[in-house]
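There are 2 protein chains.
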Amino acid sequence: MPRFERIEYKPIPVRDLLVEMKNLSELMIDLAYSAALFNDKELAEDVLVLERHIDDLAYLLEMEIMIAARGDPKDAEDLIGVSTVAAATDKISDAAADIAAIVTRDIGVHPIVGSIFEKVEERLMKATVKEDSVISGKQVGSLDLAARMGIDIIAIRRNKDWIINPKASEQLLPEDILITRGAPLGTKEFKDLAEGRLKQMEE
Amino acid sequence: MPRFERIEYKPIPVRDLLVEMKNLSELMIDLAYSAALFNDKELAEDVLVLERHIDDLAYLLEMEIMIAARGDPKDAEDLIGVSTVAAATDKISDAAADIAAIVTRDIGVHPIVGSIFEKVEERLMKATVKEDSVISGKQVGSLDLAARMGIDIIAIRRNKDWIINPKASEQLLPEDILITRGAPLGTKEFKDLAEGRLKQMEE
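So the sequence lines, in the order shown, correspond to chains A and B. If you're matching positions, the first sequence starts at 1 in the working numbering and goes up one per residue. If you're matching positions, the second sequence starts at 1 in the working numbering and goes up one per residue.
Excised from the complex, chain A in its bound form:
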């Protein structure tokens, strides 16, 4: 299960809700493809959990928008764009859940579906952190992966948990399974670093 709590009703700024929905929905597409690519049922199940989480966010957001419109047609008109983007992110998360369900339902990845992952595979990578890796013990943020290699760590599997979209302060531990996305070259370099074949980052 990913690390997030079930959201009870409380006022949350519309902006924060929308940012979370947008970022999460795009992440979910990559997580769903990762789950199919690596045939990882736990990750696929987490995508389904995230989809329900987005539904909760969508529900809260619609309420907040209604309140923000303050009964005023002009305010309502201004907010329709927000509502539209929110609905679009919800649709994207549904699509991700549909893909994840292929894995959880054991439908099996048909060779044709496998072939569409050829391009995905350049962008998404799974690696296990070895004890002697230079990244072991480091905080995610200290690695500066986006700037140095054009990649992001989108999920960490530790014991039985997936940590989705880890924070900069998250420390990488030996045996962590990482899923990254990004530039093919950076992806290759980072896999070598994580698995201890490369002992220092290229400058």
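Source of the hints: derived by calculation from the structure; they are not laboratory data. All clues stand as given, with none of them false.
Keeping only pairs whose Cα atoms sit at most 30 Å apart, straight-line, the calculated BS3-like set for lysine-lysine is:
1) B:191 <-> A:188
2) A:91 <-> B:126
3) A:126 <-> B:188
4) B:199 <-> B:138
5) B:191 <-> B:130
6) B:41 <-> B:138
7) B:160 <-> B:126
8) B:199 <-> B:160
9) B:199 <-> A:188
10) B:138 <-> A:188
11) B:41 <-> A:91
12) B:126 <-> B:188
13) B:138 <-> B:160
14) B:188 <-> A:167
15) A:74 <-> B:41
16) A:138 <-> B:188
17) A:41 <-> B:74
18) B:167 <-> B:191
19) B:188 <-> B:41
20) A:199 <-> B:188
21) A:191 <-> B:191
22) A:41 <-> A:126
23) B:167 <-> A:188
24) B:126 <-> A:188
25) A:41 <-> A:130
26) A:91 <-> B:91
27) B:188 <-> A:188
28) A:126 <-> B:91
29) B:188 <-> A:191
30) A:191 <-> A:160
31) B:91 <-> A:41
Ranges between beta-carbon positions, derived for each pair:
32) A:134 <-> B:173: 43 to 51 Å
33) B:71 <-> A:197: 44 to 52 Å
34) A:71 <-> B:55: 37 to 45 Å
35) A:71 <-> B:72: 54 to 62 Å
36) A:196 <-> B:192: 35 to 43 Å
Residues on chain A that point at chain B, a partial pick, calculated with CB under 10 Å:
37) 88
38) 97
39) 111
40) 149
Using N, Cα and C, we set each Cβ at its ideal position, and we do this for glycine too.
Assemble the complex: chain A is given as a structure, and chain B must be docked to it using the hints.
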């Protein structure tokens, strides 16, 4: 209008249809956000055209899948994953079209929607090719942008046309408007190259 022809019915391999749907649907999300970010109505309209194109592909794909199943339940079961991924890409393209419609309908980008683009802006960039730029006259493929900078050119506006997902053989011309996506550092470097402030690629 983007460069593609309206598809008349003809047999196309399921694999080719699915790959095109998947790649195009993800591209559309970035194009739709680009259209909103740069308030570009023509690009937004092209996203709507692409959405109808995906609908055509979905229609052809469903027919091809029915034919491929050959009336056999086992074959049908094998193909259900393909059909599911196709439907998911269709949903994603619908979501992209919804976002694009905010621009074409002049709904206006509410500040809250603008704020969610802060992160998008790191990944998506628009630049005009200057006459004295080192990339002017070069073919897209020869620049090796994915490997060198972790970025891709996702669209080129030339005169009144958008060239969506340009081929490696496409030549960049002065006054071309490029939209790229990718790593923030590479994005910055490429903008400087395109606009003539940087005279050679960093090694």
